[in-house]
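Just so you know, the sequences run in chain order A and B. Counting from 1, one number per residue, gives the positions in the first sequence under the working numbering. Counting from 1, one number per residue, gives the positions in the second sequence under the working numbering.
Hints should not be assumed to be uniformly reliable.
Unchecked claim - Below are the DMTMM-like pairs computed for lysine to aspartate or glutamate, each with C-alpha atoms no more than 25 Å apart in a straight line:
1. B:Lys99 <-> A:Asp276
2. B:Lys128 <-> A:Asp276
3. A:Lys273 <-> B:Asp166
4. A:Lys273 <-> B:Glu84
5. A:Lys248 <-> A:Asp304
6. A:Lys271 <-> B:Glu156
7. B:Lys105 <-> A:Asp105
8. A:Lys157 <-> B:Asp181
9. A:Lys45 <-> B:Asp168
10. B:Lys170 <-> A:Glu319
11. A:Lys248 <-> A:Asp9
12. A:Lys273 <-> B:Asp127
13. B:Lys105 <-> A:Glu282
14. B:Lys170 <-> A:Asp304
15. A:Lys271 <-> B:Asp181
16. B:Lys170 <-> A:Asp269
17. A:Lys271 <-> B:Asp127
18. B:Lys170 <-> A:Glu47
19. A:Lys212 <-> B:Asp168
20. B:Lys170 <-> A:Asp9
21. A:Lys132 <-> B:Asp127
22. A:Lys280 <-> B:Glu84
23. B:Lys170 <-> A:Asp134
24. A:Lys208 <-> B:Asp181
25. B:Lys99 <-> A:Glu80
26. B:Lys170 <-> A:Glu308
27. A:Lys273 <-> B:Asp181
28. B:Lys107 <-> A:Asp105
29. A:Lys248 <-> B:Asp166
30. B:Lys173 <-> A:Asp193
31. B:Lys170 <-> A:Asp193
32. A:Lys271 <-> B:Asp168
33. A:Lys273 <-> B:Asp83
34. A:Lys280 <-> B:Glu103
35. A:Lys64 <-> A:Glu80
36. B:Lys173 <-> A:Asp105
37. A:Lys273 <-> B:Asp148
38. A:Lys271 <-> B:Asp148
39. B:Lys214 <-> A:Glu319
Hints were generated in silico from the structure; no laboratory data involved. Everything numeric in this text was worked out from a predicted model, so none of it was measured.
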Amino acid sequence: MSEMLLQIDSLTKHFLVEKGFLSSIVAKESRVVHAVDEVSFNIMKDETFSLVGETGSGKTTTAKLILRLIEPTSGDVRFEGRSIFKLEKDELRRLRSNMQIVFQDPFASLNPRETAGEIIGAPFKIQGLMSKSDRRKAVLELLNMVGLEPAPMCFDKYPHEFSGGQRQRIGIARALALRPKFIVADEPVASLDVSIRSQILDLMQSLKRQLKLTYLMISHDLSVVRYMSDRVAVMYLGKIAELAEARKIFASPKHPYTKALISAVPIPDPKVKMQDVLLKGEIPSPINPPTGCRFHTRCPMAKDVCSEREPALAEVDREHLAACYFAQ
Amino acid sequence: MTRNPKARVPIPIPIKRARIPVAVAKSQIMPPIWGSIGEITPPIGAFLNIRNMAATRSTKASQLLALKALYEADAMKKAFIPDEPTTSVDVIIQAQILKMLMELKRKLDTSVLLITHNLGIVAQLCDKIAVMYAGNIVEYAGTAALFDVPKHPYTETLLGSIPRLDLDTKSLKIMRGSVPDLINPPSGCTFHPRCPYAKETCSKQTPGLEAIEKGRLVKCLLYN
Numbered sequence: 001m002s003e004m005l006l007q008i009d010s011l012t013k014h015f016l017v018e019k020g021f022l023s024s025i026v027a028k029e030s031r032v033v034h035a036v037d038e039v040s041f042n043i044m045k046d047e048t049f050s051l052v053g054e055t056g057s058g059k060t061t062t063a064k065l066i067l068r069l070i071e072p073t074s075g076d077v078r079f080e081g082r083s084i085f086k087l088e089k090d091e092l093r094r095l096r097s098n099m100q101i102v103f104q105d106p107f108a109s110l111n112p113r114e115t116a117g118e119i120i121g122a123p124f125k126i127q128g129l130m131s132k133s134d135r136r137k138a139v140l141e142l143l144n145m146v147g148l149e150p151a152p153m154c155f156d157k158y159p160h161e162f163s164g165g166q167r168q169r170i171g172i173a174r175a176l177a178l179r180p181k182f183i184v185a186d187e188p189v190a191s192l193d194v195s196i197r198s199q200i201l202d203l204m205q206s207l208k209r210q211l212k213l214t215y216l217m218i219s220h221d222l223s224v225v226r227y228m229s230d231r232v233a234v235m236y237l238g239k240i241a242e243l244a245e246a247r248k249i250f251a252s253p254k255h256p257y258t259k260a261l262i263s264a265v266p267i268p269d270p271k272v273k274m275q276d277v278l279l280k281g282e283i284p285s286p287i288n289p290p291t292g293c294r295f296h297t298r299c300p301m302a303k304d305v306c307s308e309r310e311p312a313l314a315e316v317d318r319e320h321l322a323a324c325y326f327a328q
Numbered sequence: 001m002t003r004n005p006k007a008r009v010p011i012p013i014p015i016k017r018a019r020i021p022v023a024v025a026k027s028q029i030m031p032p033i034w035g036s037i038g039e040i041t042p043p044i045g046a047f048l049n050i051r052n053m054a055a056t057r058s059t060k061a062s063q064l065l066a067l068k069a070l071y072e073a074d075a076m077k078k079a080f081i082p083d084e085p086t087t088s089v090d091v092i093i094q095a096q097i098l099k100m101l102m103e104l105k106r107k108l109d110t111s112v113l114l115i116t117h118n119l120g121i122v123a124q125l126c127d128k129i130a131v132m133y134a135g136n137i138v139e140y141a142g143t144a145a146l147f148d149v150p151k152h153p154y155t156e157t158l159l160g161s162i163p164r165l166d167l168d169t170k171s172l173k174i175m176r177g178s179v180p181d182l183i184n185p186p187s188g189c190t191f192h193p194r195c196p197y198a199k200e201t202c203s204k205q206t207p208g209l210e211a212i213e214k215g216r217l218v219k220c221l222l223y224n
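So here's chain A without its partners, still in its complex pose (with noise of 0.2 Å):
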């Protein structure tokens, strides 16, 4: 019934760090960050796909590799079948019309000089196919279909003009200018006010439905990811650490590393009281990320086989998948 629309395979990417001057006279070796290691996974056509992870997870990187905005390091994205790292400059153009990203931080990610036409405007402009009166009326049916409305005024208005949860639906309607097939979503809710969450998701849902979309979230925000999303991937240091369906992953967690970011979530009812977090320290470095299975250092149920050989992602119920050699 559902197709592929897209295969992310062993992508990797690592980021070089520059040594200072003396120390690199010092010593020779470059330091490297291991930002996504070996990431494998699907994402089929119609579903919300969320990538859920800390800071330093890889998540976001995850996400620029697919979009190619950054080149891997090794590995590979298609889409719909075709490596999206071979295309030519004008295949590229063509899947940059299918593939589009709403960003988090609506004021940063518009150009405050830019009328919310322009900025909407703007894909139809770089792709070279309309006329500037066919560009105006398409940027209003935009306008209309995210509910910035009247759409004639918003139109001329510029982006300190509205407020955040009207600039996140600009940059909602630009990504949906081209009428893309995949739509990734990088923490769209996160610089919102707490009481318009809930219409920035809601309209989400809708456009879904509507234009027929398949999201790729990237969250940190674990009660919104299960509230939106089909499946669920878990990452840890650049690495995949468990990935299922979302109320499968919500409700059974099998990684020591999920169950340990469930429960660290305050659940908003005063009846349902939380758990203690068995987690000790921070995340360690990507640059030296721990031997074996990165994940054992802070892990209570760690033993001598975790720090010497990394799990492989496997399934550990139906459709559950899991990098732990003690998942349950």
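Could you slot chain B onto chain A? The hints should help.
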């Protein structure tokens, strides 16, 4: 509980040495603005402005160290005011900070005035809650009562608009409109443009913050 950094509501707080009267528990409630408190320098010593710390990995650790230092310096004598202590912090560190806050409160037997937009933290940590909107306290109640039966429409909609991690949420309540303009605030009740229960009088008359039962205050014409 909206947070507008541009809001400047004057705060008449009499400041005595090492003592900040915590207004929430008193019968005469003043709309506080926490930003001004930040300008007050020690010897009060009880204010820790965690909000302005940069959100880098190493400063998360320094947030915890700062808390620890305050504790050791015995600085939190009467009241402790953490301002958004967990915004832009990862979930695990957030839990560690919360745990430390709870321990500090217990050990020092101090009053804590927690400022946050995170309803999860509020539900877990707080005994009493004052919900603020556009510079006013619109509801005040004990935690269990507030979450069980929110009285003010803003509180009710807000609580219903947040997805749950422990449950399957079918749909979320939508709070319509935008965060209010504090330069030209709405007439009458400042919440009326977004209120699902608003009537005509709501745009003309400003409700008072009134007791509807013991220990519960609401600022809404539905209850006046």
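The hints, checked one at a time:
{"no.": "1", "hint": "B:Lys99 <-> A:Asp276", "verdict": "holds (9 Å)"}
{"no.": "2", "hint": "B:Lys128 <-> A:Asp276", "verdict": "holds (23 Å)"}
{"no.": "3", "hint": "A:Lys273 <-> B:Asp166", "verdict": "holds (11 Å)"}
{"no.": "4", "hint": "A:Lys273 <-> B:Glu84", "verdict": "holds (21 Å)"}
{"no.": "5", "hint": "A:Lys248 <-> A:Asp304", "verdict": "violated (29 Å)"}
{"no.": "6", "hint": "A:Lys271 <-> B:Glu156", "verdict": "holds (17 Å)"}
{"no.": "7", "hint": "B:Lys105 <-> A:Asp105", "verdict": "violated (35 Å)"}
{"no.": "8", "hint": "A:Lys157 <-> B:Asp181", "verdict": "holds (17 Å)"}
{"no.": "9", "hint": "A:Lys45 <-> B:Asp168", "verdict": "holds (23 Å)"}
{"no.": "10", "hint": "B:Lys170 <-> A:Glu319", "verdict": "holds (23 Å)"}
{"no.": "11", "hint": "A:Lys248 <-> A:Asp9", "verdict": "holds (24 Å)"}
{"no.": "12", "hint": "A:Lys273 <-> B:Asp127", "verdict": "holds (14 Å)"}
{"no.": "13", "hint": "B:Lys105 <-> A:Glu282", "verdict": "holds (24 Å)"}
{"no.": "14", "hint": "B:Lys170 <-> A:Asp304", "verdict": "violated (44 Å)"}
{"no.": "15", "hint": "A:Lys271 <-> B:Asp181", "verdict": "violated (35 Å)"}
{"no.": "16", "hint": "B:Lys170 <-> A:Asp269", "verdict": "holds (17 Å)"}
{"no.": "17", "hint": "A:Lys271 <-> B:Asp127", "verdict": "holds (13 Å)"}
{"no.": "18", "hint": "B:Lys170 <-> A:Glu47", "verdict": "holds (17 Å)"}
{"no.": "19", "hint": "A:Lys212 <-> B:Asp168", "verdict": "holds (23 Å)"}
{"no.": "20", "hint": "B:Lys170 <-> A:Asp9", "verdict": "violated (34 Å)"}
{"no.": "21", "hint": "A:Lys132 <-> B:Asp127", "verdict": "violated (59 Å)"}
{"no.": "22", "hint": "A:Lys280 <-> B:Glu84", "verdict": "holds (23 Å)"}
{"no.": "23", "hint": "B:Lys170 <-> A:Asp134", "verdict": "violated (39 Å)"}
{"no.": "24", "hint": "A:Lys208 <-> B:Asp181", "verdict": "violated (31 Å)"}
{"no.": "25", "hint": "B:Lys99 <-> A:Glu80", "verdict": "violated (47 Å)"}
{"no.": "26", "hint": "B:Lys170 <-> A:Glu308", "verdict": "violated (44 Å)"}
{"no.": "27", "hint": "A:Lys273 <-> B:Asp181", "verdict": "violated (37 Å)"}
{"no.": "28", "hint": "B:Lys107 <-> A:Asp105", "verdict": "violated (39 Å)"}
{"no.": "29", "hint": "A:Lys248 <-> B:Asp166", "verdict": "holds (11 Å)"}
{"no.": "30", "hint": "B:Lys173 <-> A:Asp193", "verdict": "holds (15 Å)"}
{"no.": "31", "hint": "B:Lys170 <-> A:Asp193", "verdict": "holds (22 Å)"}
{"no.": "32", "hint": "A:Lys271 <-> B:Asp168", "verdict": "holds (17 Å)"}
{"no.": "33", "hint": "A:Lys273 <-> B:Asp83", "verdict": "holds (23 Å)"}
{"no.": "34", "hint": "A:Lys280 <-> B:Glu103", "verdict": "holds (17 Å)"}
{"no.": "35", "hint": "A:Lys64 <-> A:Glu80", "verdict": "holds (18 Å)"}
{"no.": "36", "hint": "B:Lys173 <-> A:Asp105", "verdict": "holds (23 Å)"}
{"no.": "37", "hint": "A:Lys273 <-> B:Asp148", "verdict": "holds (15 Å)"}
{"no.": "38", "hint": "A:Lys271 <-> B:Asp148", "verdict": "holds (9 Å)"}
{"no.": "39", "hint": "B:Lys214 <-> A:Glu319", "verdict": "violated (53 Å)"}
Checked against the numbered hints listed earlier, the structure breaks hints 5, 7, 14, 15, 20, 21, 23, 24, 25, 26, 27, 28, 39; every other hint is satisfied.
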